[in-house]
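Trainee: Sequence:
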Amino acid sequence: MSFSPLLTHLAAAEEHTRELPIPTWAYGALAAFGFAALLGVLWSFRNTAAKTGQHTHGDHH
Numbered sequence: 001m002s003f004s005p006l007l008t009h010l011a012a013a014e015e016h017t018r019e020l021p022i023p024t025w026a027y028g029a030l031a032a033f034g035f036a037a038l039l040g041v042l043w044s045f046r047n048t049a050a051k052t053g054q055h056t057h058g059d060h061h
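Sequential numbering from 1 applies to the sequence shown in the numbering used here.
Honestly, the hints are just simulated from the structure, not real lab data.
Ideal placement from N, C-alpha and C gives every residue a C-beta, glycine not left out.
Any given hint could turn out to be false.
Simulated DEER-style distance windows between Cβ atoms [unchecked claim]: (1) Leu6 to Val41: 51 to 57 Å; (2) Leu42 to Thr8: 54 to 60 Å; (3) Ile22 to Arg46: 39 to 45 Å; (4) Arg18 to Ala50: 29 to 35 Å.
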């Protein structure tokens with residue numbers, strides 16, 4: 001049993017391409033927006049470590 005006819009048939013078959021659901025530039029825009037959103041979350045927690053370290057001697061909480 002030879003696989004050469006099968007290989008030639010598969011090689012001659014038309015290549016099927018798959019279209020992307022959105023344009024290629026939109027992937028970059030979504031990535032930039034996602035990173036900007038994550039940066040906003042990170043920025044909202046700025047200087048919180050310094051705030052938790054400030055304890056006064058008269059504070060009983």
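Trainee: For leucine 42 and threonine 8, compare the CB-CB distance with the range 54 to 60 Å and indicate the outcome.
Mentor: With a Cβ separation near 57 Å, leucine 42 and threonine 8 satisfy 54 to 60 Å, so the hint holds.
Trainee: Is the distance from the Cβ of arginine 18 to the Cβ of alanine 50 consistent with 29 to 35 Å?
Mentor: With a Cβ separation near 51 Å, arginine 18 and alanine 50 fall outside 29 to 35 Å, so the hint is violated.
Trainee: May I ask you to test the hint 51 to 57 Å on the CB atoms belonging to leucine 6 and valine 41?
Mentor: Hint holds: Cβ distance 54 Å, inside 51 to 57 Å.
Trainee: Taking 39 to 45 Å as the stated bounds, is the beta-carbon spacing between isoleucine 22 and arginine 46 within them?
Mentor: violated, 33 Å
Consistency note: the structure conflicts with the earlier hints numbered 3 and 4.
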